[in-house]
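**Student:** Chain by chain, the residues run as shown.
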Amino acid sequence: MTFDVARVRKDFPIFEREVNGHPLVYLDSANTSQKPVQVLDVMRAHQERHNGNVSRSVHTLGTESTEMYEGARARIASFIGAGSPDEVIFTKNSTEAINLVAHSAGQFLALKEGDEIVISEMEHHSNLVPWQLLCERTGATLRWFGITDEGRLDESQLDELVNERTKLVSVAHMSNVLGTINDPARLVQRAREVGALVMLDASQSVPHFAVDVWALGVDFIAFTGHKMLGPTGIGVLWGRFGLLSEMPPFLAGGSMIETVTMARTTYAPPPARFEAGTPPITEAIGLGAAVDYLTGIGMDEIHRHEQEITAYALDQLTAVPGVRIYGPASPHGRGGTVSFGVDGVHPHDVGQVLDALGVEVRVGHHCARPVCVRFAVPAMTRASFYLYTTTDEIDALARGLDQVRKVFG
Amino acid sequence: MMLDALYQDIILDHYKHPHGRGLREQFDGEAHHVNPTCGDEITVRVNQDLSEISYDGLGCSISQASASVLHELLQGKDVHDASEIHHAFVELMQSRGQIEPDEEKLGDGIAFAGVAKFPARVKCALLPWMAFKDAAARAGVEVGASPEVKA
Chain A
1 MTFDVARVRK
11 DFPIFEREVN
21 GHPLVYLDSA
31 NTSQKPVQVL
41 DVMRAHQERH
51 NGNVSRSVHT
61 LGTESTEMYE
71 GARARIASFI
81 GAGSPDEVIF
91 TKNSTEAINL
101 VAHSAGQFLA
111 LKEGDEIVIS
121 EMEHHSNLVP
131 WQLLCERTGA
141 TLRWFGITDE
151 GRLDESQLDE
161 LVNERTKLVS
171 VAHMSNVLGT
181 INDPARLVQR
191 AREVGALVML
201 DASQSVPHFA
211 VDVWALGVDF
221 IAFTGHKMLG
231 PTGIGVLWGR
241 FGLLSEMPPF
251 LAGGSMIETV
261 TMARTTYAPP
271 PARFEAGTPP
281 ITEAIGLGAA
291 VDYLTGIGMD
301 EIHRHEQEIT
311 AYALDQLTAV
321 PGVRIYGPAS
331 PHGRGGTVSF
341 GVDGVHPHDV
351 GQVLDALGVE
361 VRVGHHCARP
371 VCVRFAVPAM
381 TRASFYLYTT
391 TDEIDALARG
401 LDQVRKVFG
Chain B
1 MMLDALYQDI
11 ILDHYKHPHG
21 RGLREQFDGE
31 AHHVNPTCGD
41 EITVRVNQDL
51 SEISYDGLGC
61 SISQASASVL
71 HELLQGKDVH
81 DASEIHHAFV
91 ELMQSRGQIE
101 PDEEKLGDGI
111 AFAGVAKFPA
121 RVKCALLPWM
131 AFKDAAARAG
141 VEVGASPEVK
151 A
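Chains A and B, in that order, give the protein sequences. Per UniProt numbering, numbering of the first sequence is gapless, rising by one per residue and ending at 409. Per UniProt numbering, numbering of the second sequence is gapless, rising by one per residue and ending at 151.
Please note that a few of the clues may not be correct.
[Claimed, not checked] Calculated cross-link-like contacts (lysine-lysine; reagent style BS3-like; alpha-carbon spacing at most 27 angstroms):
#1 Lys-77(B) x Lys-16(B)
#2 Lys-77(B) x Lys-406(A)
#3 Lys-406(A) x Lys-16(B)
[As the list claims (entries may be wrong)] These stretches of chain A come out as covered by chain B in the derived footprint (C-beta under 8 angstroms, 3 or more residues):
#4 352-362
#5 370-379
Note that these hints are calculated values from the structure, not bench results. Where is the CB? At the ideal position from N, CA and C, for every residue including glycine.
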């Protein structure tokens with residue numbers, strides 16, 4: 001079956017609504033995606049018919065709930081090419097997944113003064129601040145890759161940056177601001193040479209194209225449900241089982257234990273070791289449904305559609321006088337997230353005028369302030385696309401930018 | 001159109017032709033405020049007797065026009081009058097558009113009545129006013145109101 005964006009849109013009830021008297025033009029999927037009725041139905045059905053706590057009930061509802069929760073884990077594992085569902089840890093979002101690694105892998109690596117962690121200048125704050133804190137706690141040094149003028153990861157100093165002192169490298173698989181897709185192949189090879197671990201912040205990649213953790217050759221990836229048609233409150237850490245099983249717990253409490261005495265505790269194997277407390281059950285099941293939906297359409301189909309939309313958007317935006325695009329200028333090696341500036345107009349004002357026309361974009365520093373600093377602007381306007389984005393919506397954005405120039409001209 | 005309520009000509013005029021922009025060297029108190037969600041920044045400097053209020057910043061039309069209006073309204077006022085105007089502006093911004101602004105007191109500030117209907121932009125308008133209040137406090141002057149609820 002060929003990809004049909006009109007048919008896809010029918011699955012998303014929100015596209016029936018208007019915003020400020022205009023049809024909704026939702027261009028903020030890198031922030032959070034909209035939800036298809038298939039996901040909403042599964043979550044509602046679970047709450048209405050099967051609700052029970054997981055992994056601790058002998059009764060029927062608890063058993064059904066556990067089966068659905070673990071079934072979601074298995075489908076997510078196969079979605080990313082994980083070796084086993086036990087490598088998939090449910091967290092509340094990518095941020096928590098990265099903090100989990102910063103704490104547990106940080107402790108496992110016994111970081112100390114002289115050790116180095118390497119990130120990049122294009123990171124979301126969630127893949128930056130946890131490493132700053134880890135370095136503060138341990139005395140390790142934080143270093144980072146720069147960004148080229150074209151918005152690519154600057155790997156020219158790779159061998160110097162990633163060296164025998166490096167213990168862990170963590171970079172974005174795809175930039176949430178520039179749209180750049182980073183191929184981690186060289187970085188992974190270099191990290192292996194020096195014995196460093198590699199983590200990818202896959203928050204912007206897993207929702208948009210097929211990601212296979214074994215093909216990538218990395219040690220950890222983090223992603224979040226709400227950017228991939230699932231609900232908020234559920235994220236995923238994938239890690240190599242051998243590593244996870246060596247790592248100490250992050251949060252402690254119920255579910256993560258093996259045996260507890262008043263004096264001490266032994267811990268469950270992964271993934272339970274890292275899932276203290278009652279997890280977001282309905283949300284995990286919702287994410288499983290989102291994975292089913294994405295798989296049903298096909299990640300390659302989705303990526304192809306987004307590449308077409310991105311090429312069209314880059315053309316349309318380049319044609320608007322006074323618009324400057326930050327990040328790769330061609331659709332090659334980039335995804336459907338396009339940040340730009342409008343000459344002489346602050347992004348807040350751009351976003352406000354667009355909203356009045358029903359066009360929803362993100363403005364600000366996108367939780368990646370160093371990227372704005374790199375390009376010497378206080379903020380940017382960002383349009384981001386997904387499987388439901390149409391060329392008509394890009395046209396609405398371009399018309400909106402004409403209106404912006406009229407108001408502030 | 002809703003946008004007209006937000007982007008009144010008065011606001012766009014102050015944005016394009018700001019009054020009193022640029023930091024003076026002589027001051028008794030200074031404050032630098034940022035809006036962490038959007039990266040807007042403002043620095044305000046004041047003399048103890050409010051005879052000089054200077055500022056510089058980076059930001060959207062609302063925050064920058066608001067700084068220009070603040071300069072126009074408060075520079076040279078005594079502490080009592082400045083405090084009254086400050087209270088009136090903060091109250092207007094928190095009114096959600098439900099109160100009629102007093103033009104005699106707020107001058108061009110009444111143009112911001114429309115901004116109060118856009119909760120996401122209230123903090124833009126208040127940024128210079130909160131920086132001013134802090135700068136004055138550092139100069140030893142207690143002036144103005146604090147917002148009851150952070151926008």
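**Student:** Against the 27 angstroms threshold, does the CA-CA distance of Lys-77(B) and Lys-16(B) hold or violate the hint?
**Tutor:** Since the Cα atoms of Lys-77(B) and Lys-16(B) sit roughly 25 angstroms apart, the hinted pair holds (cutoff 27 angstroms).
**Student:** Please count how many residues of the stretch 352-362 of chain A have a CB within 8 angstroms of a CB from chain B and say whether that reaches 3.
**Tutor:** holds (count 3)
**Student:** Regarding the pair Lys-77(B) and Lys-406(A), is the alpha-carbon distance no greater than 27 angstroms?
**Tutor:** Roughly 37 angstroms separates the two Cα atoms, so the pair is violated.
**Student:** Hint check: Lys-406(A) vs Lys-16(B), CA-CA at most 27 angstroms. Holds or violated?
**Tutor:** holds, 14 angstroms
**Student:** Apply the coverage criterion to the stretch 370-379 of chain A and chain B: a residue qualifies when its Cβ sits closer than 8 angstroms to a Cβ of the chain, and three qualifying residues are needed.
**Tutor:** holds (count 3)
Going through the hint list in order, the structure does not satisfy hint 2, though it satisfies all others.
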